[in-house]
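Asks: Residue numbers (numbering that gives the first Met the number 0), protein chains in the order written: chain A, 0 to 242; chain B, 0 to 493.
Hints may contain errors.
To be verified - Think about it this way: if two alpha-carbon atoms lie no more than 30 Å apart in a straight line, the pair counts; the simulated DSSO-like pairs of lysine-lysine are: (1) 489/B / 133/A; (2) 361/B / 324/B; (3) 175/B / 249/B; (4) 135/A / 482/B; (5) 214/B / 278/B; (6) 104/B / 115/B; (7) 135/A / 417/B; (8) 417/B / 108/A; (9) 65/B / 175/B; (10) 278/B / 108/A; (11) 249/B / 214/B; (12) 108/A / 214/B; (13) 135/A / 489/B; (14) 194/B / 137/B; (15) 133/A / 82/A; (16) 133/A / 115/B; (17) 108/A / 82/A; (18) 135/A / 483/B; (19) 133/A / 214/B; (20) 124/B / 32/B; (21) 104/B / 278/B; (22) 104/B / 133/A.
For the record, the hints were derived by calculation from the structure and aren't laboratory data. Source: prediction; values computed, not measured.
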Amino acid sequence: MNADNILEVRELVKEFGDHRVIDGVSVGVKKGEVVFLLGPSGAGKSTVMRCMNFLETPTGGEVLFHGQPVDRSENGLNHYRSKVGMVFQHFNLFANLSILDNITLAPVKCGLMSRTEAETQALHLLHRIGLRDKAKAYPSQLSGGQKQRVAIVRALAMNPEVLLFDEPTSALDPEMVGEVENLMRELARDGMTMLVVSHDTDFAMELADRIVFLADGKLVVDAPPAVIAASDNPRIRDFFSIR
Amino acid sequence: MPGIIYKKWLAVMLAFMALFLTSCGEKEAERGKLIMVTNATFPPYEFYQGSRIVGIDADMVREIAKRNDLELVIEDMAFDSVIAAVQTGKADVAASGITVTEDRKKQIDFTTSYVKADQVIIVRKDSDIVGPESMRGKRIGVQHGTTGDMYVTENLQEPERFQDGALAVASLVTGKIHAVVLDSAPAEEHVARNKGIRILPMALVSEEYAMAISKSRPELLAMFNRTMAEMKVDGTMDAIWARYLDKDGKPLAVPAVEAEEDKGMWARLADSFEVNFVKDDRWHYLVDGFLVTIEISACAVLMGLCIGFLVAVVRSAHDQTGRYKVLNFLCHIYLTVVRGTPVVVQLLIIYFVIFGSVDVSKVLVAIVAFGVNSGAYVAEIIRSGIMAVDSGQMEAGRSLGLSYGTTMRSVILPQAFKNVLPALGNEFIVLLKETSVCGYIALQDLTKGGDIIRSQTYDAFLPLIAVALTYLVVVVCLSQLLKKLENSLKKNER
Ligand SMILES: Nc1ncnc2c1ncn2[C@@H]1O[C@H](COP(=O)(O)OP(=O)(O)O)[C@@H](O)[C@H]1O
Ligand SMILES: [Mg+2]
């Protein structure tokens, strides 16, 4: 595979008990690239993504960061994860902390910056997404779209090199999908490296530099949108036309 | 914020250690002291006069201590614990109208006996019981662990065992039981103060009283016997006796309770209030007892919270990460043992076995016992709170590069704590009320304070009501406080 991948999995295998969920998948993302991970429900998209930052421990295969195997010691993992941000389907904002504290907690605790620096940065980021007046609010006081935008900004506050998105708009009411997708468009335009699990084929066709199609824990195709659109693989055609 | 909470916990823990150490040190140099244990509900041998324990036994040991240059400390505990207290070295001598029996001789040494006493039967005046045989099948009350208890158990049937003679007599007066078997001297006192009951002329069994001393202290036993012999020769014994009994062995100066039929209910209640709380400053027992109860409960709650938090975190960390196998196993044993045994038994074991040979303050023993007990319940409450927090919270923390510990402290525990606050509050209320068994190790808590008043006034109603009301008020205040705390925490997320 390409040597200039920032983040890459090679021959990834994941089993839950006897059940092999991921069967030798290799995917990589280069700096500034936006890669979409598509496929039917239960194909293993989330599992691949969760293995990438070790929320699940891979059963086999390798995870490489800048071409080097990730140091899986406790400290090594914490350091690695601070550079690979993740955005969850259900936002997972810290329910006991204000929006401001949600954003500043990790940079301060990980020693990246002082509390005042972190707060300045957080307010700047909140301003950017138009939620500066919510700094003192708590997650339960926000709408779904606002929560997800704060979650994205919380990940950005760590200055990650890669952002992982696991179905960031699936839990949102339809009218709120747009505001989150717009923020993702902005990030892509600014050159953020992104790996996105999604079921929104239109959004993938628009934003992706490459689309990776998974089915039954195996990689089916890894190609630019234009190639996917012209594919004669019945599975892919089926998947894209259904939606 | 989370950091501050953490430091607070640390401070509390340190305060505990300090308390523990000073309490140990305080009791260290107790040479020159003579510790006597008794159950001060047994007039004229031992009973309270104001806050002082007096009576024939008490005065006798006081004199013995004086003649041997020892400072006397008298501790009041349940009668069925006094011999154990001597055996385990918690006390030097038990002087509590203890009857000499062969069984007891196997456990401790007796001094020379100082009085012959009878076990007598008390009945209501209208009773048709005339002797031991006609008691068969009736309800017979005794004081737990006394020879009266043993006699009835061996020769008649299972008796109803009361913590003290006064309670048994009160039950007789109110008609809950048919007869009471008691030592003759206190029986005379009870009959003198209660109209409507009498002593049957035929004694059940005759016996002797002596004081109990550990078998490992022959020099102390010799000292007691020597001094008692001197006191007999120089007339001191007779003088002590004469303070409490006339020459026929009848109690002196007991204010007999007069018939009060002519008074109205409220007037009687007012009189009863006067006797139970005002006279001899008896309200002090309640106030002092209340303070002890609060001290023990508050410290035990803090200790239980510390233990509970630690155990809950260890168990959750083990479940979530697979680490701390050994610690988790120890925690599991702790939870099983503590939750599988009654708190009274734990209290007695901690007092007599674990702290058996060290001299620590009883308040500390109670705090440790209730703290350790509560810790187990708090641990499971908090663990359930941790498990109830959405797993996405931990994943979000870890995905940002925060360690397991940091995420736990800053994100999971605050949410878990808030979730379980009502359950914790409930646990604290249970704990507060559970401390009422402190009397088992002779601690004068609120319940025991009420017991002492009852033993002096022979009135069960008002002291019990007063104790119950005091607990109730504390619990209601505590509930309100917790509700406020809950509400202020709830403001955060809505
Ligand atoms: N923690 C788990 N334990 C057991 N099976 C799991 C677990 N997580 C996911 N799976 C299984 O792995 C397969 C892939 O799941 P997932 O990666 O969530 O699929 P996708 O995100 O593509 O819908 C599914 O069959 C799912 O049931
Ligand atoms: Mg998924």
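Asks: Evaluate each hint against the coordinates.
Replies: Verification of the supplied hints:
{"no.": "1", "hint": "489/B / 133/A", "result": "holds (18 Å)"}
{"no.": "2", "hint": "361/B / 324/B", "result": "violated (35 Å)"}
{"no.": "3", "hint": "175/B / 249/B", "result": "holds (27 Å)"}
{"no.": "4", "hint": "135/A / 482/B", "result": "holds (24 Å)"}
{"no.": "5", "hint": "214/B / 278/B", "result": "violated (42 Å)"}
{"no.": "6", "hint": "104/B / 115/B", "result": "holds (17 Å)"}
{"no.": "7", "hint": "135/A / 417/B", "result": "holds (20 Å)"}
{"no.": "8", "hint": "417/B / 108/A", "result": "holds (23 Å)"}
{"no.": "9", "hint": "65/B / 175/B", "result": "violated (44 Å)"}
{"no.": "10", "hint": "278/B / 108/A", "result": "violated (64 Å)"}
{"no.": "11", "hint": "249/B / 214/B", "result": "violated (35 Å)"}
{"no.": "12", "hint": "108/A / 214/B", "result": "violated (63 Å)"}
{"no.": "13", "hint": "135/A / 489/B", "result": "holds (15 Å)"}
{"no.": "14", "hint": "194/B / 137/B", "result": "holds (22 Å)"}
{"no.": "15", "hint": "133/A / 82/A", "result": "holds (26 Å)"}
{"no.": "16", "hint": "133/A / 115/B", "result": "violated (86 Å)"}
{"no.": "17", "hint": "108/A / 82/A", "result": "holds (14 Å)"}
{"no.": "18", "hint": "135/A / 483/B", "result": "holds (22 Å)"}
{"no.": "19", "hint": "133/A / 214/B", "result": "violated (76 Å)"}
{"no.": "20", "hint": "124/B / 32/B", "result": "violated (47 Å)"}
{"no.": "21", "hint": "104/B / 278/B", "result": "violated (41 Å)"}
{"no.": "22", "hint": "104/B / 133/A", "result": "violated (79 Å)"}
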